[in-house]
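Student: Residue strings, one per chain:
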Amino acid sequence: MSVVVAAEAAKHCDPNTSHVFSGCGFPAPSINDFYFTPLFKVGSIGFGKPGLLVVLSTIIVVVFFWFAFHSPKLVPRGIQNVGEMGILFVRDQILRPQLGKGGDKWLAFLVSLFFFIWINNIFGIIPILYFPAMAKYGYPVALAGMVWCIYMFLGMKHQGVFGYFKNMSVPSGAPWWILPLLVPIELFSNILVRPFTLSVRLFANMLAGHVLLLVFTLATWYLLSLSIGALFAATSFVLVILLTGLEVLIQALQAFIFTILTATYISGAYEPAH
Amino acid sequence: MQHLVHLHHLLYVATGARHALTAVAAAGPGSSSGSPVWYHIINLGALTYGLAAIGPGVGIGLIFGRTIESIARQPEAAGRVTGLMWIGFALTESLALIGIAVPFFIK
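Protein chains in written order, with numbering that gives the first Met the number 0: chain A, 0 to 273; chain B, 0 to 106.
Keep in mind that the hints are not guaranteed to be accurate.
[As the list claims (entries may be wrong)] Not everything, but these chain B residues come out facing chain A in the computed CB check (under 8 angstroms): (1) T81; (2) A89; (3) E92; (4) A100.
[Claimed, not checked] Beta-carbon label-pair distances, calculated as ranges: (5) A/R76 to B/G64: 42 to 52 angstroms; (6) B/L61 to A/I127: 36 to 46 angstroms; (7) A/I59 to B/A45: 29 to 39 angstroms; (8) B/L94 to A/R76: 41 to 51 angstroms; (9) B/P102 to A/V54: 24 to 34 angstroms; (10) B/A52 to A/L73: 50 to 60 angstroms; (11) A/H157 to B/L83: 15 to 25 angstroms; (12) B/A52 to A/F187: 16 to 26 angstroms; (13) A/K72 to B/G56: 46 to 56 angstroms; (14) B/I86 to A/W220: 39 to 49 angstroms; (15) A/I127 to B/G64: 37 to 47 angstroms.
Hints were generated in silico from the structure; no laboratory data involved. Remember, predicted model here, so these are calculated numbers, not experimental data. From the three backbone atoms N, C-alpha and C, an ideal C-beta is built for every residue, glycine too.
Please construct the entire structure, taking both the sequences and the accompanying hints into account.
Tutor: In C-alpha cells:
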C-alpha cells in the first residue's frame, strides 16, 4: 500500500478531480462526476451534457409519436404498431386502473410524461451518451412541480378550496381528539412530502445507478493488467454487464412508478380518499 | 502482490477511506499515532443510512407481499388493491428518501 500512497502523495493528487488517466490511484466516483462544463452558452444559460440530453429526448419522443400517428390507419402498420403498443400500455396499466374511463383525457399527459422520463433514464446505459439526465436534481424537481401544480389546482377546482384542504387533512372516521395531531401531519404529508418524494425517488435511483455503474467500470480499467489483475478486472467487468441489466429494469420501473403516482394523485384530487 | 495492493486500495477508497489513506501517508506507514484508522474507514453517514433503510425495506416488502396475497385471494379486487398499494408504497418509501436527502442538509 505504501507504494500507491507514496505515488499519490508525490503527485499532489486532488481527490476531487482525479481522472482515470492521471495515475492518482483509484479514481473513486463522486458527486463531481455529475457536473459538466457547459459546451456552449446561449445568453447566460450554459448548455452542458444533461441539458442537451433532455432536449434530445424531447425531440426523440415528439418525432417518434409524430411519425407513428401523423397519418393513422385503421389497420396499423410498422411504426404505428409500436406507438399504439406504448400508448395502450400507459392507458391499460397506468391510467385506467387509477382514473377509470373518465380519465382518458389525461392520456396525452401521462404518455408524454412516461416516455420522456423513460427515454431520459435509458440514456444512462446508451454508449457515448452514458448519462441519465434525471440524475440532475433540477429535472425531477421541474416534473414533480408540474404534477404538484396540476393536482393542487384540480383538487381546489373539483372540491372547492376549503373542501379540498378539509378532505385532505381530516380523514373520515377519525375521532375528534386525534385531530390536533393528525391534521398537521396530513397537511405536511400531502402538500410537502408528496412532491418531495416524487422527485427524490426518481433522482436518487438514477444517481445511485449511475454511481454503481461508474464504480465497477472504473475498477475494470484500474485493475486491468497482464497478470492476476486481469482476473479482478474481468470480475468487475462481468458485474458491469449484470448491473447494466439491472439498470434497464430500474429505469423502466422508475418511469412507471412516477407516472402511476401522478395518476394516483390526480385521481385523489377528483374525489376525496375514503 | 502489486495487484493485491491495488485491490486493497480500491476497497479502502470504496468505503470512503480516502482520509484514512492520506492520514496514514502523513503519519508514515505503521505509525500508531492520531485517531485509529477504523475511525476514518467507516463512513458514518453511509452506515446510518444503511440502518435507516431497514425499516422502509421491511415496510415495502410487507406492502407488496400483502398485495400479492390479497390479489391471490380475491383477483377481482386487483384494481382497487393495486391503487392503494401505490399510495402505501409512496408513503413508506418516503422515509428512505428523506434518509437520502438528510446528508445534503446537515453537514
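Student: It remains to establish, for every hint, whether it holds in the given structure.
Tutor: Do the hints match the structure? See the list:
The beta carbon of B/T81 is positioned within 8 angstroms of a beta carbon in chain A (closest approach about 6 angstroms), and the interface hint is therefore held. The interface hint given for B/A89 holds, since its Cβ lies 6 angstroms from the closest Cβ of chain A, which is under the 8 angstroms cut-off. Hint status for B/E92: holds, given a least beta-carbon distance of 7 angstroms to chain A, under 8 angstroms. A distance limit of 8 angstroms between C-beta atoms decides the matter here; for B/A100 the minimum to chain A is near 6 angstroms, and the interface restraint holds.
Between A/R76 and B/G64 the beta carbon distance is about 43 angstroms. The supplied range of 42 to 52 angstroms therefore holds. A C-beta distance of roughly 42 angstroms is found between B/L61 and A/I127, which places it inside the suggested range of 36 to 46 angstroms. Range check, A/I59 to B/A45: about 36 angstroms between beta-carbon atoms, so the 29 to 39 angstroms window is met. Distance hint check for B/L94 and A/R76: the Cβ-Cβ separation is about 49 angstroms, which falls inside the suggested range of 41 to 51 angstroms.
Range check, B/P102 to A/V54: about 31 angstroms between beta-carbon atoms, so the 24 to 34 angstroms window is met. Roughly 51 angstroms separates the CB atoms of B/A52 and A/L73, a value that falls within the hinted 50 to 60 angstroms. For A/H157 and B/L83, the Cβ-Cβ distance of about 21 angstroms falls inside the hinted range of 15 to 25 angstroms, so the restraint holds. Distance hint check: the CB atoms of B/A52 and A/F187 are about 22 angstroms apart, consistent with the given range 16 to 26 angstroms.
For A/K72 and B/G56, the hinted distance range of 46 to 56 angstroms is satisfied, since their beta carbons lie about 49 angstroms from each other. For the pair B/I86 and A/W220, the beta carbons lie near 44 angstroms from each other, so the given range of 39 to 49 angstroms is met. A C-beta distance of roughly 41 angstroms is found between A/I127 and B/G64, which places it inside the suggested range of 37 to 47 angstroms.
Of the numbered hints listed earlier, not one is contradicted by the structure.
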